[in-house]
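Line by line, the protein sequences give chains A and B. For the first sequence, the numbering used here begins at 1 and goes up steadily by one. For the second sequence, the numbering used here begins at 1 and goes up steadily by one.
Do not rely on the hints blindly, as some may be mistaken.
The list makes no distinction among identical chains, and a pair is therefore deemed to hold if it is satisfied within one copy or across any two copies.
Straight-line Cα separation of at most 30 angstroms, DSSO-like style, residue types lysine-lysine; simulated pairs [stated by the list, open to error]:
#1 K193 to K10
#2 K300 to K119
#3 K300 to K146
#4 K146 to K211
#5 K146 to K284
Simulated from the structure, these hints should not be mistaken for laboratory data. Predicted, not measured: the structure shown is a model, and the values here were computed from it.
2 protein chains.
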Amino acid sequence: MTIDRAFHGKRVLITGGLGFIGSTLASRLVHLGADVILVDSLIPEYGGNLFNIDGVENKIRVNISDVRDEHSMKYLVRGQDFLFNLAGQTSHLDSMQDPYTDLEINCRAQLSILEACRKHNPGIKIVFASTRQIYGKPEYLPVDEKHLLRPVDVNGINKMAGEWYHILYNNVHNIGSCSLRLTNTYGPRMRVKDARQTFLGIWIRLLVEGKAFEVWDGEQLRDFTYVDDAVEALLLAAAKEEANGQVYNLGGDCTISLKALASLLVEVNGGGRFTLRSFPEDRKRIDIGDYFADDQRIRKTLDWNPRVPLREGLAKTLAYYRAHLKRYL
Amino acid sequence: MTIDRAFHGKRVLITGGLGFIGSTLASRLVHLGADVILVDSLIPEYGGNLFNIDGVENKIRVNISDVRDEHSMKYLVRGQDFLFNLAGQTSHLDSMQDPYTDLEINCRAQLSILEACRKHNPGIKIVFASTRQIYGKPEYLPVDEKHLLRPVDVNGINKMAGEWYHILYNNVHNIGSCSLRLTNTYGPRMRVKDARQTFLGIWIRLLVEGKAFEVWDGEQLRDFTYVDDAVEALLLAAAKEEANGQVYNLGGDCTISLKALASLLVEVNGGGRFTLRSFPEDRKRIDIGDYFADDQRIRKTLDWNPRVPLREGLAKTLAYYRAHLKRYL
């Protein structure tokens, strides 16, 4: 089954659908001929932004509600062929300061979405957006899916539980479901107001505003997935039956230190500046050090290949925010 | 620091303290000279039973409250030297039928206990009772602590999260905390009314009542820890600083198939009968097959040695329920 045909005429629900990845996925699905509904709470601290669907807003249905609202979810999952379950609390620091909200969104709401599917639409296929944060500080590099999960913050623990509910409902209740462990995803439509979604967001905002951005430590190695490549992975995982019950790492085209990334960003931007500083204490305690993924499993079994090189992805992202920054502040 | 001196004059709080392991631990701590408070909800479906502290009830303070009650926990953790955090929902099947209750007890309440300690008593030492259930169906045997966690029921997922909150609060907030992954613990005071705590409970009840008990499948290999040995492990983990931030498997003196265990039980009892049958469908879907632990880590680093052989432990257990069965129905 190729992606081109898998979604034509299909009903697709995306939670967190006005967010960075959800909205990019939604646009792609519209082009593939799908009938798309987005669920988003538009909580200001999270990634949802109505401007994210600018240009396709008439081809998509938007339902403003919170995944913690069991009643709306019960209704919305009915009749859907696919659910891309992307809604989540993503801030590591917020999860340490308010662990209960993170629990409600990343655990309890996930359970209630899955219960709604079990009771009202067991034939649905679900793809869950998990995170490399659940691995914690790597024991070895690159990190493959056999690496132990040893999360270093409340967000990582709750996302780990949320992922496993999905695998469990696949294995026990036969609801086709799988999980992608995303690394740093970047690109147009990401949250740039602050660092709640990704540090790269605030870097890009400050750069576009002509201000210096801060790089903490700078020696950490990381990998980055351009949003279109992440969307491709989500679509492949949804379309392919062999993904059911599986977890997959996503990686990117290269591994780079944050200091080198900052320099590359300034270079691609044609100017700008950053300052290197040591970690703030509260952030240091939950930092994971170097991380990059071994993503051979998804490359081999689902035939995923990230296509956008880092330099090109950064250029596209900068161009987007040069044009649209105001819509993200 | 030997156990004999570590708890003398110390203030100790035990959640789930009227339960099987909690009450056995409480009696031991009283003999070691500790000042013990038990917290228990006495929810009929769980393991709490006032008869469990018969004989020491005047030397222990009992506080009936639920670990989900944040306010009582906030008060109770203050001034304590040790917290044995044993309260939990333990039924695998119940967790599949009512995942939210399991989540509230095994995740949310754990977070709120840890938050209470962080805010009101960061110097406390915590030992958390985890479970081998979090490993799911073993990939290899015996299962050591490097085995991936792949829980097969909601209870396993939530206990996994609960355990990791404890490790996280140790690593990030410097609250001394560790986790023991218990296997089948058995002995006097266990719940025998039904199979919610352990299948061995209902076997023993039926045997003592002169009725046939059911063995499902029977070929599964398992290991068993006599309750006094589990209590010893809890005390060692509490007393030793090197346990902080660690997880430990508990095992027992031997590995045995359930069929052989049933025969041994009948033999030790001097009579009785059981029937072999296939798994009920709902139970089969969450069964983990063979399991036995590699418990070398706790043997080597904390000097734990299980002392009670299975045959002797079963004899003691049967003797207890022949005398006291009525108090457990």
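Check: What label fits K300 with K146 when the C-alpha limit is 30 angstroms: within, between, both, or neither?
Finding: Both: 16 angstroms inside a chain and 26 angstroms across chains, each within 30 angstroms.
Notebook entry, point to check: What label fits K300 with K119 when the C-alpha limit is 30 angstroms: within, between, both, or neither?
Noted result: Answer is neither: 34 angstroms inside a copy and 48 angstroms across each miss the 30 angstroms cutoff.
Checklist line | Up to 30 angstroms CA-CA - K284 versus K146, copy category | finding: both (26 angstroms within a copy, 26 angstroms between copies)
Next item on the list: If the cutoff is 30 angstroms on CA atoms, where do K146 and K211 land: within, between, both or neither? Let me know, please.
Entry: neither (42 angstroms within a copy, 46 angstroms between copies)
Check: Which holds for K193 with K10 at a C-alpha limit of 30 angstroms: within a copy, between copies, both or neither?
Finding: Answer is neither: 34 angstroms inside a copy and 50 angstroms across each miss the 30 angstroms cutoff.
The structure does not agree with the numbered hints 1, 2 and 4 stated previously, though it agrees with the rest.
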